[in-house]
Structures are given as C-alpha cells and as structure tokens.
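**Student:** All chains, full assembly: derive it from the sequences and hints.
Quick mapping for you: the protein sequence lines, in order, are chains W and C.
Going by our numbering, the first sequence opens with residue 1, and the numbers climb by one from there.
Going by our numbering, the second sequence opens with residue 481, and the numbers climb by one from there.
Don't take each hint at face value.
[To be verified] Ranges between beta-carbon positions, derived for each pair:
no. : chain 1 : residue 1 : chain 2 : residue 2 : range
1   : C       : A644      : W       : N417      : 52 to 60 Å
2   : C       : T939      : W       : K212      : 31 to 39 Å
3   : C       : L906      : W       : N417      : 50 to 58 Å
Hints were generated in silico from the structure; no laboratory data involved.
From the three backbone atoms N, C-alpha and C, an ideal C-beta is built for every residue, glycine too.
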Amino acid sequence: MNTKYGAPLAVAASWIAATTLAGCGGGGTGTASTPAASLAAVAGKAIFFDTSLSASGQQACGTCHVPTRAFTGDPSTDHGLPVPLGGANMDQTGFRNAPSLMYASFTPAFSITDGPVGGFFRDGRSSSLDQQAQLPFLTAFEMANGDAAEVVGRLQKSSATLQAFIAAYGEAALSDPKTALNDMGLAIAAFETEDDEFHPFSSKYDYWLEGKTPLTTQEQSGLALFNNPTKGNCTACHPSQRQSYSEHALFTDFTFDNIGVPRNWAIPANTPGAVSPISGAPLATINAIDVPADAEYAYYDLGLCGPFAPASADVNARPVLSATTSLCGIFKVPTLRNIAVTTPYFHNGVFSTLHQVVQWYVTRDINNNTGNNPNPVTAGAGGNPYVTVGTFYTAADGTPDLYEYNDLPTAYDANVNVGEIPYTPPTVGGGQAPTLTAGEIDDVVAFLCTLTDGYDPNNPAAYNVPAQCASTAATAAASK
Amino acid sequence: MIRNSSIRDSGAPKILRATLLLASAVFAAGTVSAADTAPKSTEQQQIDGLQQQLQAVQAQLKQLAEQNQALLQKLQQDEQRQNPGQVAASPGQPAPSSGLNPPAAAAPSAGMAPPTGVPAQPTTPMSASATGAAAGGSSAFSNVKLWGYGELYYTRPSREPSKAQADLARAVFGIGYSFDENTEFNSEFEVEHAVSSASDVGEFEVEQFYVDRRLNDAITVRAGLFLMPFGLLNEHHEPTNFYGVQRNFVETLIIPSTWREGGFNLHGDTPIGFSWNAGITTGFDLSKWNYAPEFPQYTTALELEDNGSAPLQSTHQELALANAHDLSQYVALGYYGVPGLTLGAAISTGKAVKVPAPPNAPILGDERVTLWEAHARWTPAKFDLSALYAHGSISNLAAANASNPGSPNPIPSDFYGYFAQAAYGLWEHGDYRLAPFVRWERYNMGSRYAGTTGPVIPTGLVPLSATPGDYGYWPQNHDRVWTVGANFYTTPHVVLKADYQWFQLNSDFSRFDLGLGLNF
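**Tutor:** Given below as structure tokens:
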C-alpha cells in the first residue's frame, strides 16, 4: 500500500473499514477529545460509504470523496480520468473534478450582494451541505437513482444503514421518500460537520502556528511568497489569516473567480461526440448551455452560468444565473488545505501537480494571446504564436491552442481576472516577467505541502509526505 | 469639538432687566387708574397730578422702550458678529474643554488670538434661549445649545494631478442640554464626505455623546463617548483651530484624531493654572488588523489620512459595539499658568483585543497598547509656536507577526511622530486676519517590529488596484513632511486656507491644498 496521506486519514480509513454500526451504541467512534457522534452523524457515515444505495451498487459518496485523499476523487479508480465515473453501469463520466469535502462545512450560504460568495458545489448552486448531499443520489452520471423512492427502496434493503437511519429519524420518516431523502442529506451533512476527520486542523502549518514544530527555511520562504502581494499574492483569495468562518485559517475566502484555466481534453464532455471510455456507450447529456455564436467549441463548463442549475427542490438555493454572462466561467475558490493530496487541480482537473499550477499562475499571460497583450495574434494568423512558455493551452490534438482562455468562449474573455498578481506581471514598460522564479515556485509548493493534515509534532518522521512534496524537497535539495 | 461646561454661566442679560423695569412701570400705571375714587374738590388736583405722573411714566416707558430696542439690536449685532456661543480659539490653541487648556493660556495677540475678555467657559454654544426663546421666557428649548462646524477642501497631488479631489470633508452638528447648573449633556453628529449610504463613501458618526456633572468648583465627572485629551488637536479639531487645510500627520497617524472612547473621567483645574484629567475608557481591537492588504492601503496623502490604515486608526473602536473586556486608563496633565504658554502631556495604556490565534496556540501574554504624548504652545507677540511628540507601542506581537511572513503590513511594536510649527500674525484688519505658517513633521508608523524584520514593501511599479494597468509605487509607512501655507480669516469663525506639502520619501504624495472651514 502506497498511501501518501497523513496518519489521521489512515486511521479514518481503517476506522471506516471496521465499522459495523451494530446497535449504534457500541464501539465509540471518537477519541477522548472527540465528542460522541450524534445519531444523525452515525447514520450519515453509514450512508456516505454505502455503495448499495446507487444504481450500480458500486458507488457511494465515499467513492468520489475518498478519505485517504482528503475526501476527493481518486483518478486511479476512475480510469485515469480527472472526473468520476458513475451511472448504472459505472461507465458514465462526470463533468467536474470532485472537490474535497474537507472543511466544506465551514462554507457560508451563497450570497451575491458584494460579489458571489459561498454556496455548495463548485458553482455554489446548493444552499446547504444537506441539500448538496442529496443530489448525487439522483444524478444520472453518478449514483443514478431515478427518484427519491428508488433511493429509499435501496436504503430499506441495506440493513445496517437502515438501522442507523431509523435510529436517527424514526421508521416513519421512510414513508415519504422525499422526506427520507431529505433526512439522508441531513445525516450526511451531520457526518461531514461533526466528524473531526473532515476538519482536523492537524497540518504541519497548524502545529507551526501553535509553536509545536518549526517550518523549514524553504517552507517559511514559501509562506512569505504566498502572502507577498506582489509575488504569489495567493493569500488574496486563499487567506492564510483567520476569517469569520472559523477560528483557523481556511485558505479560501469562498469567493468566486474566473482565472481562465486551460481546457482539459481528458474530460470526455469536452470532446464532441465522445463516448464512454469504459464501454463505448453514449454519455449522459446535461442541459444544453447557450454559448456565443463565435465560440470555438459547442460545450463549455461556465460555472455560475451553468450548465448545472440549482435544484428546484432547494428552495433556498441561489437564482439561475445563466443569463448573467459577466459571471460566466467563474468558480468558487477552493480551500488549499490538503491541496498536495488532492490532485488533479481546478474544477476541470487540468493540472496534475502543484508545480504546474503555480507555474501556470505566474506565466499565464506571458507570451500569450490575451487581452493584456498589446498585439494579440488573431486565430489562424501566421501560425502558432506560442513557443516557449504559456503552452498550457492546448487544442484537442495536443498542439497549442489559438486561444488562450480556451475553456471559455472568447466573448467572455473579459470575465477573466487579469488585474491581480500573480496574473499581472509586476513590471510595466520593461517587459513582462513572472512574479516568481523557478526557485520561488519550489518554495511556494513546499509551503503548500505543509497544509496536509496528519502531522504529528511528536513524531515528524511518521508524516507521510505526499509524493509531489517529496519531489519538491528532493529538487530543492539537489539544487543547493 | 469639545463643548465645555457652561454650568456656571449666569449673567442675566440686560434685556431681562429692561423687561422688569417695563413691568414695574405698567404696574405703576395700573395703580394710578385705581385712584379715580378720590373726592371731587381735590379731584382735579389729583387728576392733574396723576396726569403729570402718567406723562412722566409714559416718558419713562418710551425711554425704556427705546433703550430696550437698542439693547436688542446690539445683542443681535453681537450675535451675528461673534456667535457668542463659540469663541474663536486661535489655530492649534485649544479652547478649554477638559480642564487642560483653560483660557488663560490663550494667545493674547498673535493675530489669531481670540478676543480679550474670553469668558471662563468660552465654548458655550449658541443657545436657543438667546434666539427663539428670547421674548418668550422659559421654554422646552431654553436650556438647549446648538453649534456646528465643517470643512471643504480641494487637494491636488502635484505629480499626479489626475488624483486631484474635492470634498465636503465633514459637516458636524452639535446639540447640548443643561439639565441644571451642575449637569450638562453634549453631543456631536458628523457626516463625512457629503453623502452617507450603503453605496456611498460617506459616513455618519456620533463623535461625542456625554454628560458632565460638576461635583464642586475643582472637579467635574464626565461619562459617555468623549474625545481623549491628547495633543493639541484631538479635542479641538475644528478647522478654525489648526493651520493648514488638513490636520497634521502626527495627530492623525500616531494620535488617531478624532480619537474618542467610551468611559468616564474626572477632570478639573487648579487656581494656579494646572489642569488634570484622568479616566477609564474602552481600548483598541487588534483583531481588526489587516495583515494581507492586496493593494496599498493608501496611494495619496489624502488616502493616508482618510483610509484609517495607521496603527491606532485601524484598531480604535469608536464605541461601535466595542469590545470592553479590557479597559484602558489614561491621565493627562496641563499647565497654563504663564500667559501665552500651554504645556501638556498625556498617556493611555490598556490591554487590546488580541490578534486572533489558533485555539491551541500558546498564550503569549497581553497585547497592550500604550500611547503617550507631550506638547507645548507659546504665543509671544504675533508668533504662534507649537511642537508635539507622540509615541505608541504595542506589546507581545512576535507570534502574531511571525505567523504572517511576507506581509506588507505587520503590526508595529513602536510608532511615533513629532512636529514643530511656527505661525505669524502677518496682517489684521477688523475681523480679517492673515497668518502664514510653516510646519515640519516626521511620522513613522512602524519604527520597530517583533517577530518580523518589518513590512515587505514591494519595490518597482506594482498594481495599485485590481483595475488592469493601474500601476504605481507601494508607499513607505514613514516620512518627513514640510508644510507651508496660510490661514486667512474673514471672521473668527470662517477661514480660508492654502498650503503646499512636500513629502521626502513618498514624493508622489506632495500636494497643493485649498480649504474652507467654519464653525459657529
């Protein structure tokens, strides 16, 4: 077993495997410092990992939100795809990289008064954790139940989970499928909220703040670059300072942004006419989204604009924003806690390493055909303008794309954030330069690696350093 | 603006005495009418005598009426000319308010000085009883006082004229009420930047709201929201009271004028010219500190003053749901026993609301904010000379700052500022007065830091906002500034100002200013 995650999550995995929930009263699930779970949380945990509640019988919440990967998806079990597999035959592909559920319970309700903030899913379309938790049960390319009655029918056949559910909500709750599904959502939300495994605040960074372990020189340098407004400026959206949502820094301010990430051709939905890479079957379709007539591709994932809309049953959900084109392409800022173990990155999983991510951030608008470029090269004129850097934007055939923000219709290019560091080069009039050097990128990645939970200040050697962090350390060591 | 107690103001106006005379005369006339029952033989004589007396009384009445009218006219003229509730203190010369700057120290002849014979309580605001209630005797408003002040300016950074701005900086209205001769309420309400709403830049604030109770001739107790008796300007920040279009930087960035706190104090004066003031107040809240400003918090001298980024500007609470777990203490002393000379010093200290730390972080001690200052003003002949030093410190910041490496804005352990200023009453004609001045000042909003080597101040051109292409330099948090200009008074209560300021380090801040200020 090649687990690269921290001790608490490994403990969680074994704890999950050993759970029987018999009687719901025995076998305490918490440590001495952890309050006993509520009946709802116990039921939620059972539901979270119960694959029998899906049409395929192979998928549960925990399939796409794996505890050992900070409750994100696992490409190794998803046919190498950046999106989860699902559906009745587990041959359907999803549309977005599964987000980490860790620290999700701190997410505020969606608000758009002073710019969009909060809400659940990457597009904030669910009003609460419990509303969000209900939807995958009914989604065709996920757990693929036809309706709430089908979900409840499966629940009634899963004795252990059923017992836990009845203990929390009573048998009468099963008489109305919608009520029962709503209770299942509440149970999952209770599990994600109460259980410390979703928010242990046990990273090396946390212990450093508590004065229990030092950061290396490189890690401290990385943090300083992370905070520096003219270097990384990461803290502008991923604040390393405590905000109102928690007593700890969450490394997200829950705002939304359009940062123009490259299109990921590994998502089948991004390729016209794609079929299931598993079975060759047609892929589930989702609601069509309006794209400008001059858009390069027929399908785009535009975040707040769609293609996913709030569920009609979610009465407190945000409004449909598909007509607000200024919001097209913006997604919620994720937490950076455990970022080293949640590859791939961004809503479409286009990058597989933190080095790629940081390098892309600081070179995105350099030598590229962007609004920042005073002499943009028009599509098809004189061949490919991308030569050395900025080749993150590729066409379906792997060659550099003629459009930079190619996961966004060009008509919406103005929505892309180009005014803030690190996108904007710090020099003007004297040429463009990345805000971070190669060595500084290493430093930032080294710091990001300290945000991985499971550090034990009394036994640092036991810290399972994520693979890419180990390579960062090795690279840094080799360069000195 | 501080409103001093006018509790001991009595001095029945002459108009009232005239009214009493009139009433006596009318009563006398009535008495004459009652004498009609006298015998006929002597009736004519009596009638004649009474007629003579009546004529005499009528003559007296007429005379008194004329005198009364003249007095009324004079009173109105005086009010229009001087606004008697508002004695003009000379610029930088505080009107007494907290027992620290009594009128004996007022500059006598600096060309900017208040009129001689300044009453002991010079800042008695215009009273409703002196206007609307004058002819009607006592009313619900007879103990009410109203006053106000405001200022407008135009500022033009000489290197970046595109950032020129004009603003109705503040419009302030005050209301006071005397409950009895020993108990008085005063308050001030301020609108900043002309328009205050959720979508506008302006603010509406309660700047003062307190009650004074005079315990005896030497001691008054004050409770509520009040201005702290620090420096030359904080309590006396009306535009007619300071030189220059804008307030000096030391008494803005180091002493966070207009600095007010909630609490209570005891204050008083001694016959030999000492004043004292000591109190317990709310303190500062370091949890409000912004370690991670993405862009400079100020890019002009105006923003430097207005944006509240200085150490105590950004952490004072202004009694707006203020955290009051820990209270601060202060004491201020003054001496004004030598005519033309004012000396003063003050110190405040108290535990602040701490910088947030993780729940398991070790407790490293209190974060205590201490601010002290000393000031002097001397007004020989037509000169008006003043100087001030202020120093602030905050303890136990090492852990908080160390957890935010790379911050362009760590919390300073020490900060200070000082200035020296000279003005001269160059010209005076009637109410017109002209006083040029020069001021040199130095401020340092972070002279020492714990847990960090200091703010990471980016070099070169950097984005100043999220607007693409908005580039500039990240300013330094310390500087030396020369200010040269003049105040021109059309009356003691209306002043036109002009000045130019040179910034040594943040040279883009250098600016030309014009201002209009008034108070009544």
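**Student:** Honestly, do T939 (chain C) and K212 (chain W) meet the 31 to 39 Å range at C-beta?
**Tutor:** Taking Cβ atoms as reference, T939 (chain C) and K212 (chain W) lie about 35 Å apart, which means the hint holds.
**Student:** Could you check the hint for me, namely that A644 (chain C) and N417 (chain W) are 52 to 60 Å apart, CB to CB?
**Tutor:** 30 Å Cβ-Cβ, so the 52 to 60 Å window is violated.
**Student:** CB of L906 (chain C) to CB of N417 (chain W), is that within 50 to 58 Å?
**Tutor:** Roughly 56 Å apart at Cβ, these two residues keep to the hinted range, so it holds.
When held up to the earlier numbered hints, the structure conflicts with hint 1 and nothing else.
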